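A.B. asks: In case you want the letters, here they are:
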Amino acid sequence: MHAFMRTLTSGLPGNELKWLKQGAKESNRSLESLVKRRLAHEPIQYILGTEPFGDLDLLCRAPVLIPRPETHWWTAALAEYLPKTNKRFAEHFAGPTSRTLSLLDLGTGSGCIPILLCHLWPKGSIVATGIDISQHAVSLANENATLCGISRSTFKAALADFLDPAFPNAETINPPYDILTSNPPYITADEYLHLDDDVANFEDPTALIGGSDGLQYYRDIANLISRDGFLSSDAVIALEVGHSQADVVSDMIHSKGFNTDIWRDPWGKKRTVIGHRR
Amino acid sequence: MATPEDVARLRQLKETEPLQVAWDDWTSTRKVLEDMTPLLNDPDPAMKALASEEASELDQKLSNILKETLPSLLVPPSTTANLSALVELKSGVGGTESSLFLATLLRMYMRFSQSNSWQATVVADNENEGGGIKDAIVEIKGVGAYDALRWESGVHRVQRVPATESGGRVHTSTVAVIVLPLIEEKDAQKEELYSMDDIKLEVMRARGAGGQHVNKTESAVRLTHIPTGITVSMQDERSQHQNRRRAFQVLSARLMDQKITREIAQRRATKNNLIKSADRSEKIRTYNYAQERVTDHRIGFSVMNLTSVLEGDALQEFTDRLRQDFEETAMEDMLNSES
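So the protein lines, in turn, are chains A and B.
First residue of the first sequence? That's 1 in full-length UniProt numbering, and the numbers climb one at a time after it.
First residue of the second sequence? That's 1 in full-length UniProt numbering, and the numbers climb one at a time after it.
It should be emphasised that the hints constitute simulated quantities derived from the structure, not laboratory data.
A quick note: this is a predicted structure, and the numbers were derived from the prediction, not measured.
Mixed in with the good hints there might be a few duds.
A few chain B residues facing chain A, derived, Cβ under 10 Å [stated by the list, open to error]:
#1 N126
#2 G210
#3 N215
#4 S219
Using N, Cα and C, we set each Cβ at its ideal position, and we do this for glycine too.
The shape of chain A in the complex, shown without the other chains (with noise of 0.2 Å):
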């Protein structure tokens, strides 16, 4: 390596340094260019343009959100712990049943939730749609899901926007839903301008802040599920929080009539509001 590239490669961590070596290599790039895109912040996600989630590996471009550790470490949860939720799940995941669980991911970015949850539960057994503002989000799902193996029927990104008080009618999606998981914004804007520039300068700003207090999403979808026919009777959410959110989104939760828990992510932040209808 020249004296140069050593100097520029020393302000990076080991690893990262290997993995743009094998992506150099693999791509045919020069190295030199990629590191130096690294040092300019660029998050390595968007530079070798994959993120391994579980034991997938999905497109990341941006400016959509980069699926995090903790959101798969959730979804993979959640995977385990559906089929035990109550009878009528139980019952339709220990073999065919006459119909297959929907579900609905909010925002759904890369895909990554309900693309991960297609892949681990058994072929047929639900039918999931991601909706998402951006058009580049809706573009990368669909194809995260081909790449993955997922079936147009079994996983279907859409263009939508579930502020819109006519969204619950939209022809994009079909009401009523058995589970509904959502990662929404929840940076607040105070928070918004201290983060990382690897964060704040790359990825879209409309996939992280939640509004001036990082509540404004809860708050909607608080009002979406207490909306007559967009949830099915024994509906399962899970909402994923930020580190200090998870008991203000409980208590919403909680109070459209449904009975809430929280999940602790390996890191120890309370992650993941998980609610069942009452």
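Starting from the structure of chain A, add chain B where the hints point.
C.D. replies: Coordinates of chain B only, in the frame set by chain A:
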């Protein structure tokens, strides 16, 4: 009606069949030799020469049966014959020079695997800043890989003038090698090497607020097997899923290694024998560049072609002889235990 005892007897009969064949071969050959002995004194010189030629052939055959066939049948079959290997290399004394030599040894094992049609993959490695590799783990998949490589465990010593040495002085540096038995995931469960309740799995490093706030790749995992205190850290892959799989693979290999060592110790203890040291801090081999010589200290055997050893070719001579030495020791153990 066949009873369970009959089945056991039948199985024993079947297992000892090759021994019976070899013994019959030995007795019949001996009989032929005895029968023709008078011909060795035949007055006809042509007949006498013919007889003497045949006698020496028979003699050769008998000694073959005695020295090769019978002992190989008496050595208990290896219980690890099907296992693949996990080879761990760690730099020892000598700083960068040791890391440079580690890279050479790594290449030797990769080439050796290739010529034996085993699949070798470097699953973890750490580069040394001044050059070479600080440590590495190689997975070598293939039947017989473990049995061939297991005697590579120990300290390998290199004696040469480092490229960085201006005064032309010879340095001595070392690399530690540990060869572990690698078992498939499904077999690991069958062997019941560990219970998931005994395992602590940690994702390393704090992530601050985590979630959407942070997009750093966080794939490192650490496993701790509580009963033995063995810890395995893996961080080479971007995928935590992969790192976790690798970590369990290394843990299984270490536990399997302990199990095999324990079984050998138990067998020997019951026979009240001296245990030949299997100390991994023992210096087992020296690679001397000036003399183009590689010496294995355990069997006192040298190859005067260092290049060929490092190319992976002449390494076979060492692995073959070490395996033979092991089998002979096993025979001696057996004979001693009879007395």
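A.B. asks: None of the hints should be skipped; say for each whether it holds.
C.D. replies: Each hint tested on the structure:
Checking B/N126 against chain A by beta carbon gives a least distance of about 7 Å; that is within 10 Å, so the hint holds. Nearest Cβ of chain A to the Cβ of B/G210: about 5 Å, under the 10 Å cut. The hint holds. Taking 10 Å as the C-beta cut-off, the interface hint given for B/N215 holds, the closest approach to chain A being about 5 Å. Interface restraint check for B/S219: the shortest CB-CB distance to chain A comes to about 7 Å, inside 10 Å, so the restraint holds.
Hint violations for this structure: none, all hints satisfied.
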